[in-house]
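Build out the structure end to end from the sequences listed, making use of the hints.
For the sequence shown, this note's numbering assigns the number 8 to the initial residue and increments by one for each residue that follows.
Don't take every hint at face value.
Computed list of lysine-lysine pairs in DSS-like fashion (alpha-carbon distance at most 30 Å, straight line) [claimed, not checked]: (1) K422 <-> K446; (2) K422 <-> K524; (3) K422 <-> K522; (4) K524 <-> K454; (5) K446 <-> K524; (6) K422 <-> K454; (7) K522 <-> K454; (8) K446 <-> K522.
For each label pair, taking beta carbons as the anchor points, the in silico distance ranges come out as [what the hints assert, rightly or not]: (9) E62 <-> H415: 37 to 43 Å; (10) T442 <-> D381: 51 to 57 Å; (11) R321 <-> G276: 39 to 45 Å; (12) L378 <-> G509: 53 to 59 Å; (13) G419 <-> W379: 27 to 33 Å; (14) A263 <-> D381: 39 to 45 Å; (15) D272 <-> R463: 24 to 30 Å; (16) V451 <-> A386: 25 to 31 Å; (17) L265 <-> G509: 20 to 26 Å; (18) A244 <-> L370: 40 to 46 Å; (19) P101 <-> W232: 20 to 26 Å; (20) R321 <-> F402: 45 to 51 Å; (21) G509 <-> A374: 28 to 34 Å; (22) F96 <-> R13: 45 to 51 Å.
By construction, these hints were calculated from the structure, which means they are not laboratory data.
This structure is a prediction, so every number in the text was calculated from the model and none was measured.
Heads up, the beta-carbon is just placed ideally off N, CA and C, and yes, glycines get one too.
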Amino acid sequence: MMSRLRSLLPWLAVLAVAAGIRLPTLTAGLPYLGYVDEGHVLHHVNHLLVYQTWEPDNYSYPSLPFYLVAGAALAWSPVYALTHGHPLFDDLSPSPPEYYDIVEPAALIVLGRLVTLAFSLGIVLLTGLLVRRLAGPAAGLFAAWLAALVPALVMRSSIVNVNPLAAFFVLAALFFADRARGLEHPRRDAILAGLMAGLAGATKYPAALVCLSVALAVLLAPAPWLERVRRLVLAGAASILALLLAMPALALRTQAVLHGLHDMDSVYGSQEAGSYWEQAVHRAEWDLPTSHPELGIVFLLLTMAGLAVGLRDRRWRGAVAGWLLFGIATGLLVAPYQFRAFRNLLALVPLACAAVALLYARLREAASRRLWVDLAAAALPALLFVPALYEYDAFQLALVDTRERAVHWLAGQVKPNDRVLFLRELAFLPSRLDTLPAKVQVRVWEKAQYRVIEHRDHYLVMGRILRRNGRDKIPPDVLNWILANYQVVAQYGSVATSNFPGFFRGNDQMVYVLKRKPRPEAEPPSSPGEDAAGDEGGARRGSGESYRRE
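Okay, structure coming up:
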(Lines of atoms letter the chains of each structure in order from A and count residues from 1; the text may use other names and numbers.)
(Lines give C-alpha, C1' and ligand atoms only; values in the text may rest on other atoms or scores of the structure.)
Protein backbone atom coordinates (compact mmCIF):
# COMPACT_ATOMS: atom_id res chain seq x y z
CA MET A 1 0.00 0.00 0.00
CA MET A 2 2.75 2.46 0.97
CA SER A 3 4.77 1.68 -2.15
CA ARG A 4 1.71 2.27 -4.31
CA LEU A 5 1.08 5.57 -2.57
CA ARG A 6 4.69 6.62 -3.11
CA SER A 7 4.38 5.82 -6.82
CA LEU A 8 1.23 7.94 -7.03
CA LEU A 9 2.71 10.98 -5.30
CA PRO A 10 4.67 12.29 -8.32
CA TRP A 11 1.55 12.03 -10.49
CA LEU A 12 -0.53 13.85 -7.88
CA ALA A 13 2.17 16.51 -7.70
CA VAL A 14 2.05 17.03 -11.48
CA LEU A 15 -1.75 17.30 -11.40
CA ALA A 16 -1.52 19.74 -8.49
CA VAL A 17 0.88 21.96 -10.46
CA ALA A 18 -1.37 21.74 -13.53
CA ALA A 19 -4.40 22.75 -11.48
CA GLY A 20 -2.45 25.46 -9.68
CA ILE A 21 -1.51 27.11 -12.96
CA ARG A 22 -4.99 26.88 -14.43
CA LEU A 23 -7.32 27.59 -11.50
CA PRO A 24 -6.34 31.21 -10.79
CA THR A 25 -7.50 32.32 -14.24
CA LEU A 26 -10.95 30.76 -13.83
CA THR A 27 -12.62 34.07 -12.93
CA ALA A 28 -10.89 36.26 -15.54
CA GLY A 29 -13.19 38.90 -17.00
CA LEU A 30 -16.24 37.89 -14.99
CA PRO A 31 -19.13 38.54 -15.10
CA TYR A 32 -18.43 38.99 -18.83
CA LEU A 33 -17.12 36.53 -21.38
CA GLY A 34 -13.34 36.42 -21.48
CA TYR A 35 -12.70 34.69 -24.82
CA VAL A 36 -14.39 34.79 -28.19
CA ASP A 37 -15.32 31.08 -28.23
CA GLU A 38 -17.08 31.18 -24.87
CA GLY A 39 -20.24 32.57 -26.42
CA HIS A 40 -20.19 29.97 -29.19
CA VAL A 41 -20.69 27.32 -26.52
CA LEU A 42 -22.70 29.14 -23.86
CA HIS A 43 -25.36 30.60 -26.15
CA HIS A 44 -26.23 27.06 -27.22
CA VAL A 45 -26.24 25.93 -23.59
CA ASN A 46 -28.49 28.84 -22.69
CA HIS A 47 -30.86 27.87 -25.50
CA LEU A 48 -31.12 24.31 -24.15
CA LEU A 49 -31.88 25.59 -20.65
CA VAL A 50 -34.29 28.38 -21.61
CA TYR A 51 -36.38 26.16 -23.87
CA GLN A 52 -35.77 22.96 -21.88
CA THR A 53 -34.96 21.04 -25.03
CA TRP A 54 -32.33 18.64 -26.30
CA GLU A 55 -32.07 20.47 -29.63
CA PRO A 56 -29.47 23.25 -29.95
CA ASP A 57 -30.49 26.25 -32.03
CA ASN A 58 -28.03 25.18 -34.76
CA TYR A 59 -25.43 22.50 -35.45
CA SER A 60 -22.38 24.50 -36.50
CA TYR A 61 -20.75 22.72 -33.56
CA PRO A 62 -21.53 19.20 -32.33
CA SER A 63 -23.84 19.11 -29.34
CA LEU A 64 -21.99 17.02 -26.72
CA PRO A 65 -20.18 20.02 -25.13
CA PHE A 66 -23.51 21.83 -24.81
CA TYR A 67 -25.08 18.83 -23.09
CA LEU A 68 -22.17 18.53 -20.66
CA VAL A 69 -22.30 22.19 -19.61
CA ALA A 70 -26.11 22.18 -19.47
CA GLY A 71 -25.96 19.04 -17.33
CA ALA A 72 -23.50 20.75 -14.99
CA ALA A 73 -25.88 23.73 -14.76
CA LEU A 74 -28.82 21.48 -13.91
CA ALA A 75 -26.77 19.70 -11.26
CA TRP A 76 -25.75 23.05 -9.75
CA SER A 77 -29.21 24.63 -9.96
CA PRO A 78 -30.41 23.47 -6.48
CA VAL A 79 -27.33 25.07 -4.90
CA TYR A 80 -27.90 28.20 -6.97
CA ALA A 81 -31.50 28.39 -5.79
CA LEU A 82 -30.44 28.05 -2.15
CA THR A 83 -27.79 30.76 -2.38
CA HIS A 84 -29.78 33.24 -4.50
CA GLY A 85 -33.31 32.65 -3.26
CA HIS A 86 -34.69 31.93 -6.73
CA PRO A 87 -34.12 29.34 -9.48
CA LEU A 88 -31.23 29.52 -11.92
CA PHE A 89 -33.74 29.59 -14.76
CA ASP A 90 -35.05 32.99 -13.56
CA ASP A 91 -31.66 34.58 -14.24
CA LEU A 92 -30.94 33.12 -17.67
CA SER A 93 -30.46 35.68 -20.42
CA PRO A 94 -32.90 35.65 -23.36
CA SER A 95 -32.28 33.22 -26.19
CA PRO A 96 -31.30 34.20 -28.79
CA PRO A 97 -29.36 37.08 -27.20
CA GLU A 98 -29.60 40.64 -28.45
CA TYR A 99 -25.81 40.92 -28.25
CA TYR A 100 -23.17 38.21 -28.36
CA ASP A 101 -21.67 39.34 -25.04
CA ILE A 102 -24.90 38.89 -23.07
CA VAL A 103 -24.64 35.63 -21.12
CA GLU A 104 -26.22 35.46 -17.68
CA PRO A 105 -25.90 34.47 -14.94
CA ALA A 106 -22.13 34.54 -14.45
CA ALA A 107 -22.46 31.14 -12.76
CA LEU A 108 -23.13 29.67 -16.21
CA ILE A 109 -19.77 30.97 -17.44
CA VAL A 110 -18.02 29.57 -14.36
CA LEU A 111 -19.66 26.17 -14.80
CA GLY A 112 -18.61 26.07 -18.44
CA ARG A 113 -15.05 26.93 -17.46
CA LEU A 114 -15.03 24.25 -14.77
CA VAL A 115 -16.13 21.63 -17.30
CA THR A 116 -13.29 22.70 -19.59
CA LEU A 117 -10.85 22.66 -16.67
CA ALA A 118 -11.84 19.12 -15.69
CA PHE A 119 -11.18 17.83 -19.21
CA SER A 120 -7.94 19.82 -19.39
CA LEU A 121 -6.63 18.11 -16.28
CA GLY A 122 -7.80 14.84 -17.79
CA ILE A 123 -5.57 15.57 -20.80
CA VAL A 124 -2.56 15.88 -18.49
CA LEU A 125 -3.34 12.52 -16.88
CA LEU A 126 -4.16 10.71 -20.12
CA THR A 127 -1.02 11.96 -21.86
CA GLY A 128 1.01 10.49 -19.04
CA LEU A 129 -0.88 7.19 -19.02
CA LEU A 130 -0.55 6.81 -22.78
CA VAL A 131 3.24 7.18 -22.65
CA ARG A 132 3.52 5.16 -19.42
CA ARG A 133 2.01 2.21 -21.24
CA LEU A 134 4.50 2.57 -24.08
CA ALA A 135 7.74 3.57 -22.37
CA GLY A 136 7.38 3.13 -18.63
CA PRO A 137 6.57 5.23 -15.55
CA ALA A 138 9.40 7.77 -15.87
CA ALA A 139 8.51 8.65 -19.48
CA GLY A 140 4.83 8.75 -18.61
CA LEU A 141 5.44 11.17 -15.77
CA PHE A 142 7.56 13.38 -18.04
CA ALA A 143 4.80 13.40 -20.68
CA ALA A 144 2.27 14.49 -18.06
CA TRP A 145 4.69 17.18 -16.86
CA LEU A 146 4.98 18.54 -20.39
CA ALA A 147 1.20 18.53 -20.86
CA ALA A 148 0.80 20.31 -17.53
CA LEU A 149 2.95 23.24 -18.66
CA VAL A 150 2.77 23.59 -22.44
CA PRO A 151 1.15 27.02 -23.12
CA ALA A 152 -1.17 25.84 -25.90
CA LEU A 153 -2.97 23.58 -23.42
CA VAL A 154 -2.73 25.82 -20.36
CA MET A 155 -4.14 28.93 -22.04
CA ARG A 156 -7.29 27.10 -23.15
CA SER A 157 -7.87 25.23 -19.91
CA SER A 158 -9.93 27.81 -18.01
CA ILE A 159 -12.01 29.31 -20.79
CA VAL A 160 -15.16 27.81 -22.28
CA ASN A 161 -14.23 26.13 -25.56
CA VAL A 162 -14.70 22.72 -27.15
CA ASN A 163 -11.05 22.04 -28.02
CA PRO A 164 -9.80 20.57 -24.71
CA LEU A 165 -12.84 18.28 -24.64
CA ALA A 166 -12.12 17.07 -28.16
CA ALA A 167 -8.43 16.58 -27.34
CA PHE A 168 -9.36 14.52 -24.28
CA PHE A 169 -11.57 12.13 -26.25
CA VAL A 170 -8.95 11.85 -29.01
CA LEU A 171 -6.35 10.89 -26.42
CA ALA A 172 -8.72 8.41 -24.80
CA ALA A 173 -9.41 6.80 -28.19
CA LEU A 174 -5.67 6.46 -28.87
CA PHE A 175 -5.04 5.09 -25.38
CA PHE A 176 -7.61 2.32 -25.75
CA ALA A 177 -6.55 1.73 -29.35
CA ASP A 178 -3.05 0.97 -28.14
CA ARG A 179 -4.45 -1.36 -25.49
CA ALA A 180 -6.49 -3.08 -28.21
CA ARG A 181 -3.20 -4.14 -29.83
CA GLY A 182 -2.38 -6.09 -26.67
CA LEU A 183 -3.45 -9.57 -25.65
CA GLU A 184 -5.33 -9.01 -22.40
CA HIS A 185 -8.78 -7.67 -23.40
CA PRO A 186 -8.46 -6.66 -27.07
CA ARG A 187 -12.16 -6.75 -27.94
CA ARG A 188 -13.17 -4.73 -24.89
CA ASP A 189 -10.46 -2.17 -25.60
CA ALA A 190 -11.43 -1.96 -29.28
CA ILE A 191 -15.00 -1.18 -28.19
CA LEU A 192 -13.76 1.47 -25.75
CA ALA A 193 -11.54 3.01 -28.42
CA GLY A 194 -14.53 3.18 -30.75
CA LEU A 195 -16.69 4.76 -28.06
CA MET A 196 -14.06 7.45 -27.42
CA ALA A 197 -13.70 8.13 -31.14
CA GLY A 198 -17.45 8.61 -31.41
CA LEU A 199 -17.46 11.00 -28.46
CA ALA A 200 -14.58 12.91 -30.05
CA GLY A 201 -16.65 13.40 -33.20
CA ALA A 202 -19.64 14.50 -31.12
CA THR A 203 -17.43 17.15 -29.51
CA LYS A 204 -15.74 18.62 -32.58
CA TYR A 205 -16.40 17.33 -36.07
CA PRO A 206 -12.75 17.04 -37.26
CA ALA A 207 -11.84 15.05 -34.13
CA ALA A 208 -13.78 12.11 -35.60
CA LEU A 209 -10.71 11.53 -37.78
CA VAL A 210 -9.19 9.67 -34.83
CA CYS A 211 -11.29 6.71 -35.97
CA LEU A 212 -8.61 6.21 -38.66
CA SER A 213 -5.99 5.70 -35.96
CA VAL A 214 -8.27 3.33 -34.08
CA ALA A 215 -8.82 1.29 -37.24
CA LEU A 216 -5.07 1.21 -37.90
CA ALA A 217 -4.32 -0.01 -34.37
CA VAL A 218 -6.91 -2.78 -34.63
CA LEU A 219 -5.64 -3.89 -38.03
CA LEU A 220 -2.01 -3.94 -36.84
CA ALA A 221 -2.81 -6.10 -33.81
CA PRO A 222 -1.06 -9.50 -33.62
CA ALA A 223 -4.15 -11.60 -34.30
CA PRO A 224 -5.69 -13.61 -37.17
CA TRP A 225 -7.31 -11.47 -39.85
CA LEU A 226 -10.80 -12.68 -39.05
CA GLU A 227 -10.35 -11.66 -35.42
CA ARG A 228 -9.04 -8.26 -36.48
CA VAL A 229 -12.09 -7.73 -38.66
CA ARG A 230 -14.36 -8.64 -35.74
CA ARG A 231 -12.62 -6.09 -33.53
CA LEU A 232 -12.83 -3.48 -36.26
CA VAL A 233 -16.57 -4.06 -36.60
CA LEU A 234 -16.99 -3.81 -32.83
CA ALA A 235 -15.00 -0.56 -32.73
CA GLY A 236 -16.98 0.88 -35.64
CA ALA A 237 -20.32 -0.07 -34.12
CA ALA A 238 -19.29 1.40 -30.76
CA SER A 239 -18.19 4.61 -32.47
CA ILE A 240 -21.51 5.00 -34.28
CA LEU A 241 -23.45 4.21 -31.11
CA ALA A 242 -21.52 6.78 -29.07
CA LEU A 243 -21.91 9.38 -31.80
CA LEU A 244 -25.67 8.90 -31.98
CA LEU A 245 -26.15 8.86 -28.21
CA ALA A 246 -24.05 12.00 -27.73
CA MET A 247 -25.59 13.75 -30.74
CA PRO A 248 -29.01 12.25 -31.58
CA ALA A 249 -29.58 14.97 -34.16
CA LEU A 250 -27.33 13.02 -36.53
CA ALA A 251 -30.19 10.56 -36.94
CA LEU A 252 -33.18 12.75 -36.07
CA ARG A 253 -32.15 16.08 -37.65
CA THR A 254 -29.72 14.99 -40.34
CA GLN A 255 -30.49 17.87 -42.70
CA ALA A 256 -30.05 20.40 -39.91
CA VAL A 257 -26.64 18.92 -39.07
CA LEU A 258 -25.57 19.02 -42.71
CA HIS A 259 -26.74 22.62 -42.90
CA GLY A 260 -24.67 23.44 -39.81
CA LEU A 261 -21.61 21.82 -41.35
CA HIS A 262 -22.15 23.83 -44.52
CA ASP A 263 -22.45 27.05 -42.52
CA MET A 264 -19.21 26.37 -40.66
CA ASP A 265 -17.48 25.50 -43.92
CA SER A 266 -18.67 28.83 -45.35
CA VAL A 267 -17.41 30.74 -42.31
CA TYR A 268 -13.96 29.16 -42.49
CA GLY A 269 -13.86 29.53 -46.26
CA SER A 270 -14.78 33.22 -46.24
CA GLN A 271 -12.26 34.38 -43.63
CA GLU A 272 -8.52 34.77 -43.84
CA ALA A 273 -6.54 35.05 -40.63
CA GLY A 274 -3.48 33.64 -38.94
CA SER A 275 -0.66 31.25 -39.71
CA TYR A 276 -0.26 27.96 -37.88
CA TRP A 277 3.52 28.22 -38.07
CA GLU A 278 3.63 31.78 -36.75
CA GLN A 279 1.34 30.89 -33.86
CA ALA A 280 3.33 27.76 -33.04
CA VAL A 281 6.78 29.37 -32.93
CA HIS A 282 6.41 33.17 -32.69
CA ARG A 283 3.20 34.54 -31.23
CA ALA A 284 0.19 32.53 -30.05
CA GLU A 285 -3.30 32.79 -31.51
CA TRP A 286 -4.42 36.42 -31.79
CA ASP A 287 -7.29 35.98 -29.31
CA LEU A 288 -4.94 35.03 -26.47
CA PRO A 289 -3.26 37.69 -24.29
CA THR A 290 0.37 36.66 -24.67
CA SER A 291 3.42 37.62 -26.70
CA HIS A 292 4.85 34.10 -26.53
CA PRO A 293 4.29 31.17 -28.93
CA GLU A 294 1.92 28.27 -28.47
CA LEU A 295 4.80 25.77 -28.43
CA GLY A 296 8.14 27.27 -29.49
CA ILE A 297 10.72 26.12 -32.01
CA VAL A 298 12.69 24.07 -29.45
CA PHE A 299 9.61 22.05 -28.50
CA LEU A 300 8.77 21.45 -32.17
CA LEU A 301 12.30 20.21 -32.91
CA LEU A 302 12.12 17.87 -29.93
CA THR A 303 8.73 16.64 -31.16
CA MET A 304 10.12 15.79 -34.59
CA ALA A 305 13.06 14.00 -33.02
CA GLY A 306 10.69 12.07 -30.77
CA LEU A 307 8.53 11.01 -33.70
CA ALA A 308 11.61 9.81 -35.57
CA VAL A 309 12.75 7.81 -32.54
CA GLY A 310 9.26 6.40 -32.11
CA LEU A 311 9.04 5.22 -35.71
CA ARG A 312 12.46 3.55 -35.53
CA ASP A 313 11.72 1.67 -32.31
CA ARG A 314 9.60 -1.44 -32.92
CA ARG A 315 8.01 -1.12 -29.47
CA TRP A 316 6.50 2.25 -30.30
CA ARG A 317 6.14 2.18 -34.08
CA GLY A 318 2.50 1.13 -34.18
CA ALA A 319 1.34 3.76 -31.70
CA VAL A 320 3.36 6.56 -33.31
CA ALA A 321 2.05 5.58 -36.75
CA GLY A 322 -1.48 6.07 -35.42
CA TRP A 323 -0.59 9.49 -34.02
CA LEU A 324 0.93 10.53 -37.33
CA LEU A 325 -2.09 9.26 -39.26
CA PHE A 326 -4.39 11.41 -37.14
CA GLY A 327 -2.05 14.40 -37.45
CA ILE A 328 -1.74 14.10 -41.22
CA ALA A 329 -5.50 13.66 -41.68
CA THR A 330 -6.16 16.71 -39.49
CA GLY A 331 -3.58 18.75 -41.39
CA LEU A 332 -5.08 17.81 -44.75
CA LEU A 333 -8.54 18.76 -43.50
CA VAL A 334 -7.62 22.23 -42.22
CA ALA A 335 -4.96 23.13 -44.80
CA PRO A 336 -7.32 24.42 -47.54
CA TYR A 337 -8.89 27.01 -45.23
CA GLN A 338 -7.27 30.43 -44.87
CA PHE A 339 -8.76 30.88 -41.39
CA ARG A 340 -5.98 29.32 -39.36
CA ALA A 341 -6.50 29.46 -35.61
CA PHE A 342 -4.13 27.24 -33.64
CA ARG A 343 -7.00 25.93 -31.55
CA ASN A 344 -7.91 23.77 -34.56
CA LEU A 345 -4.70 21.79 -33.93
CA LEU A 346 -5.02 21.52 -30.16
CA ALA A 347 -5.68 17.77 -30.20
CA LEU A 348 -2.19 17.30 -31.66
CA VAL A 349 -0.42 19.04 -28.77
CA PRO A 350 -0.72 16.17 -26.23
CA LEU A 351 0.64 13.83 -28.91
CA ALA A 352 3.60 16.17 -29.35
CA CYS A 353 4.18 15.94 -25.59
CA ALA A 354 4.05 12.15 -25.90
CA ALA A 355 6.58 12.19 -28.74
CA VAL A 356 9.03 14.30 -26.72
CA ALA A 357 8.58 11.88 -23.82
CA LEU A 358 9.53 8.96 -26.10
CA LEU A 359 12.72 10.81 -27.00
CA TYR A 360 13.42 11.21 -23.29
CA ALA A 361 12.78 7.50 -22.71
CA ARG A 362 15.29 6.57 -25.43
CA LEU A 363 17.94 8.93 -24.06
CA ARG A 364 17.34 7.63 -20.56
CA GLU A 365 17.82 4.05 -21.70
CA ALA A 366 21.14 4.97 -23.32
CA ALA A 367 22.43 7.09 -20.43
CA SER A 368 24.89 5.69 -17.93
CA ARG A 369 23.77 8.20 -15.29
CA ARG A 370 20.03 8.53 -15.54
CA LEU A 371 19.77 11.09 -12.76
CA TRP A 372 21.17 13.83 -14.99
CA VAL A 373 18.72 12.96 -17.76
CA ASP A 374 15.86 13.03 -15.26
CA LEU A 375 16.92 16.40 -13.85
CA ALA A 376 17.23 17.88 -17.33
CA ALA A 377 13.79 16.53 -18.24
CA ALA A 378 12.26 18.01 -15.11
CA ALA A 379 13.81 21.42 -15.80
CA LEU A 380 13.12 21.56 -19.54
CA PRO A 381 9.37 22.43 -19.49
CA ALA A 382 9.94 25.07 -16.83
CA LEU A 383 12.72 26.70 -18.87
CA LEU A 384 10.69 26.60 -22.07
CA PHE A 385 7.26 27.58 -20.82
CA VAL A 386 7.31 29.44 -17.49
CA PRO A 387 7.82 32.92 -19.05
CA ALA A 388 4.74 32.46 -21.24
CA LEU A 389 2.67 31.06 -18.37
CA TYR A 390 3.68 33.89 -16.05
CA GLU A 391 2.69 36.52 -18.62
CA TYR A 392 -0.63 34.84 -19.35
CA ASP A 393 -1.62 34.20 -15.73
CA ALA A 394 -0.61 37.72 -14.67
CA PHE A 395 -2.77 39.25 -17.39
CA GLN A 396 -5.77 37.05 -16.64
CA LEU A 397 -5.56 37.62 -12.90
CA ALA A 398 -5.61 41.40 -13.43
CA LEU A 399 -8.34 41.35 -16.09
CA VAL A 400 -11.40 43.45 -15.27
CA ASP A 401 -13.80 44.24 -18.09
CA THR A 402 -14.02 47.96 -18.82
CA ARG A 403 -17.81 47.78 -18.50
CA GLU A 404 -17.42 46.40 -15.00
CA ARG A 405 -14.96 49.16 -14.13
CA ALA A 406 -17.45 51.77 -15.32
CA VAL A 407 -20.23 50.23 -13.21
CA HIS A 408 -17.95 50.19 -10.15
CA TRP A 409 -17.15 53.87 -10.66
CA LEU A 410 -20.79 54.85 -11.08
CA ALA A 411 -21.84 52.84 -8.03
CA GLY A 412 -19.74 55.14 -5.88
CA GLN A 413 -20.94 58.36 -7.51
CA VAL A 414 -24.62 58.25 -8.46
CA LYS A 415 -27.58 59.04 -6.22
CA PRO A 416 -31.08 57.52 -6.27
CA ASN A 417 -32.54 60.42 -8.26
CA ASP A 418 -29.74 60.52 -10.83
CA ARG A 419 -30.56 59.39 -14.35
CA VAL A 420 -27.90 57.38 -16.19
CA LEU A 421 -28.08 56.63 -19.91
CA PHE A 422 -26.12 53.66 -21.31
CA LEU A 423 -25.52 52.98 -24.99
CA ARG A 424 -26.95 49.54 -25.70
CA GLU A 425 -24.25 48.84 -28.29
CA LEU A 426 -21.71 48.44 -25.46
CA ALA A 427 -23.63 45.34 -24.25
CA PHE A 428 -23.64 45.96 -20.51
CA LEU A 429 -25.15 43.05 -18.60
CA PRO A 430 -28.66 43.95 -17.36
CA SER A 431 -27.99 42.36 -13.97
CA ARG A 432 -25.00 44.63 -13.43
CA LEU A 433 -26.98 47.76 -14.30
CA ASP A 434 -29.68 46.68 -11.85
CA THR A 435 -27.16 47.06 -9.03
CA LEU A 436 -26.76 50.80 -9.58
CA PRO A 437 -28.59 53.07 -7.09
CA ALA A 438 -29.93 55.30 -9.88
CA LYS A 439 -32.52 55.50 -12.64
CA VAL A 440 -30.97 53.64 -15.56
CA GLN A 441 -31.93 53.82 -19.22
CA VAL A 442 -30.36 51.68 -21.96
CA ARG A 443 -30.79 52.83 -25.56
CA VAL A 444 -29.21 52.30 -28.95
CA TRP A 445 -27.65 55.48 -30.27
CA GLU A 446 -30.51 56.21 -32.68
CA LYS A 447 -32.89 56.45 -29.72
CA ALA A 448 -30.40 57.77 -27.19
CA GLN A 449 -29.36 60.87 -29.13
CA TYR A 450 -32.57 62.75 -28.43
CA ARG A 451 -32.26 62.19 -24.69
CA VAL A 452 -28.68 63.44 -24.92
CA ILE A 453 -29.61 66.61 -26.79
CA GLU A 454 -32.46 67.35 -24.39
CA HIS A 455 -30.17 67.00 -21.33
CA ARG A 456 -32.47 64.44 -19.71
CA ASP A 457 -29.73 62.43 -18.01
CA HIS A 458 -27.15 63.32 -15.40
CA TYR A 459 -24.66 60.76 -16.70
CA LEU A 460 -23.97 59.26 -20.12
CA VAL A 461 -22.07 56.01 -20.61
CA MET A 462 -20.81 55.89 -24.17
CA GLY A 463 -18.11 54.39 -26.35
CA ARG A 464 -16.65 54.67 -29.79
CA ILE A 465 -19.09 52.72 -31.96
CA LEU A 466 -17.98 51.87 -35.50
CA ARG A 467 -20.23 51.08 -38.43
CA ARG A 468 -19.35 48.25 -40.79
CA ASN A 469 -17.66 50.73 -43.13
CA GLY A 470 -15.32 51.74 -40.30
CA ARG A 471 -16.82 55.17 -39.71
CA ASP A 472 -17.98 56.43 -36.34
CA LYS A 473 -21.66 55.89 -35.62
CA ILE A 474 -21.86 59.15 -33.64
CA PRO A 475 -21.35 61.98 -36.16
CA PRO A 476 -18.44 64.35 -35.41
CA ASP A 477 -20.64 67.45 -35.02
CA VAL A 478 -22.86 65.64 -32.52
CA LEU A 479 -19.82 64.35 -30.66
CA ASN A 480 -18.38 67.86 -30.46
CA TRP A 481 -21.66 69.15 -29.06
CA ILE A 482 -21.76 66.36 -26.46
CA LEU A 483 -18.22 67.15 -25.34
CA ALA A 484 -19.15 70.81 -24.97
CA ASN A 485 -22.13 70.00 -22.76
CA TYR A 486 -20.96 66.94 -20.85
CA GLN A 487 -17.70 66.40 -18.99
CA VAL A 488 -15.73 63.16 -19.29
CA VAL A 489 -15.32 62.03 -15.68
CA ALA A 490 -14.05 58.48 -16.27
CA GLN A 491 -12.74 56.56 -19.25
CA TYR A 492 -11.54 53.01 -19.74
CA GLY A 493 -10.26 50.77 -22.51
CA SER A 494 -8.65 51.21 -25.90
CA VAL A 495 -10.69 49.20 -28.41
CA ALA A 496 -13.55 50.57 -30.49
CA THR A 497 -16.88 48.71 -30.53
CA SER A 498 -18.42 47.18 -33.62
CA ASN A 499 -22.01 48.16 -34.27
CA PHE A 500 -22.77 44.56 -35.26
CA PRO A 501 -24.53 42.73 -32.37
CA GLY A 502 -22.98 39.36 -33.24
CA PHE A 503 -19.39 40.52 -32.72
CA PHE A 504 -17.55 39.73 -29.50
CA ARG A 505 -16.83 43.03 -27.75
CA GLY A 506 -13.86 41.80 -25.73
CA ASN A 507 -12.89 43.10 -22.31
CA ASP A 508 -11.12 46.31 -23.36
CA GLN A 509 -13.85 48.35 -25.03
CA MET A 510 -13.58 52.13 -24.90
CA VAL A 511 -16.09 53.13 -22.24
CA TYR A 512 -16.59 56.78 -21.30
CA VAL A 513 -18.61 58.14 -18.41
CA LEU A 514 -19.75 61.72 -19.02
CA LYS A 515 -21.46 64.01 -16.54
CA ARG A 516 -23.90 66.70 -17.57
CA LYS A 517 -22.58 70.23 -17.15
CA PRO A 518 -24.77 72.78 -15.33
CA ARG A 519 -25.39 74.82 -18.47
CA PRO A 520 -25.18 74.06 -22.19
CA GLU A 521 -22.17 75.60 -23.81
CA ALA A 522 -23.42 75.30 -27.36
CA GLU A 523 -26.60 74.94 -29.33
CA PRO A 524 -27.70 71.43 -30.32
CA PRO A 525 -26.61 70.36 -33.81
CA SER A 526 -29.31 70.86 -36.42
CA SER A 527 -29.39 67.21 -37.56
CA PRO A 528 -28.30 65.01 -34.67
CA GLY A 529 -29.49 61.81 -36.29
CA GLU A 530 -27.69 62.17 -39.61
CA ASP A 531 -25.03 59.67 -40.48
CA ALA A 532 -21.61 61.15 -41.02
CA ALA A 533 -20.78 58.60 -43.70
CA GLY A 534 -20.56 61.27 -46.36
CA ASP A 535 -18.20 63.48 -44.38
CA GLU A 536 -14.63 62.81 -45.47
CA GLY A 537 -13.38 63.90 -42.06
CA GLY A 538 -16.03 61.95 -40.17
CA ALA A 539 -14.00 58.93 -39.17
CA ARG A 540 -11.47 59.43 -36.40
CA ARG A 541 -8.51 57.06 -36.64
CA GLY A 542 -6.78 55.09 -33.93
CA SER A 543 -8.48 52.62 -31.61
CA GLY A 544 -6.98 54.19 -28.51
CA GLU A 545 -8.29 57.72 -29.14
CA SER A 546 -10.14 59.38 -26.26
CA TYR A 547 -13.09 61.73 -26.39
CA ARG A 548 -11.98 65.36 -26.53
CA ARG A 549 -13.02 68.80 -27.72
CA GLU A 550 -12.12 69.26 -31.37
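Each hint tested on the structure:
no.: 1; hint: K422 <-> K446; in the structure: holds, 9 Å
no.: 2; hint: K422 <-> K524; in the structure: holds, 16 Å
no.: 3; hint: K422 <-> K522; in the structure: holds, 13 Å
no.: 4; hint: K524 <-> K454; in the structure: holds, 21 Å
no.: 5; hint: K446 <-> K524; in the structure: holds, 18 Å
no.: 6; hint: K422 <-> K454; in the structure: holds, 24 Å
no.: 7; hint: K522 <-> K454; in the structure: holds, 19 Å
no.: 8; hint: K446 <-> K522; in the structure: holds, 14 Å
no.: 9; hint: E62 <-> H415: 37 to 43 Å; in the structure: holds, 39 Å
no.: 10; hint: T442 <-> D381: 51 to 57 Å; in the structure: holds, 54 Å
no.: 11; hint: R321 <-> G276: 39 to 45 Å; in the structure: holds, 43 Å
no.: 12; hint: L378 <-> G509: 53 to 59 Å; in the structure: holds, 57 Å
no.: 13; hint: G419 <-> W379: 27 to 33 Å; in the structure: violated, 59 Å
no.: 14; hint: A263 <-> D381: 39 to 45 Å; in the structure: violated, 53 Å
no.: 15; hint: D272 <-> R463: 24 to 30 Å; in the structure: violated, 49 Å
no.: 16; hint: V451 <-> A386: 25 to 31 Å; in the structure: violated, 56 Å
no.: 17; hint: L265 <-> G509: 20 to 26 Å; in the structure: holds, 23 Å
no.: 18; hint: A244 <-> L370: 40 to 46 Å; in the structure: holds, 42 Å
no.: 19; hint: P101 <-> W232: 20 to 26 Å; in the structure: violated, 58 Å
no.: 20; hint: R321 <-> F402: 45 to 51 Å; in the structure: holds, 46 Å
no.: 21; hint: G509 <-> A374: 28 to 34 Å; in the structure: violated, 56 Å
no.: 22; hint: F96 <-> R13: 45 to 51 Å; in the structure: holds, 48 Å
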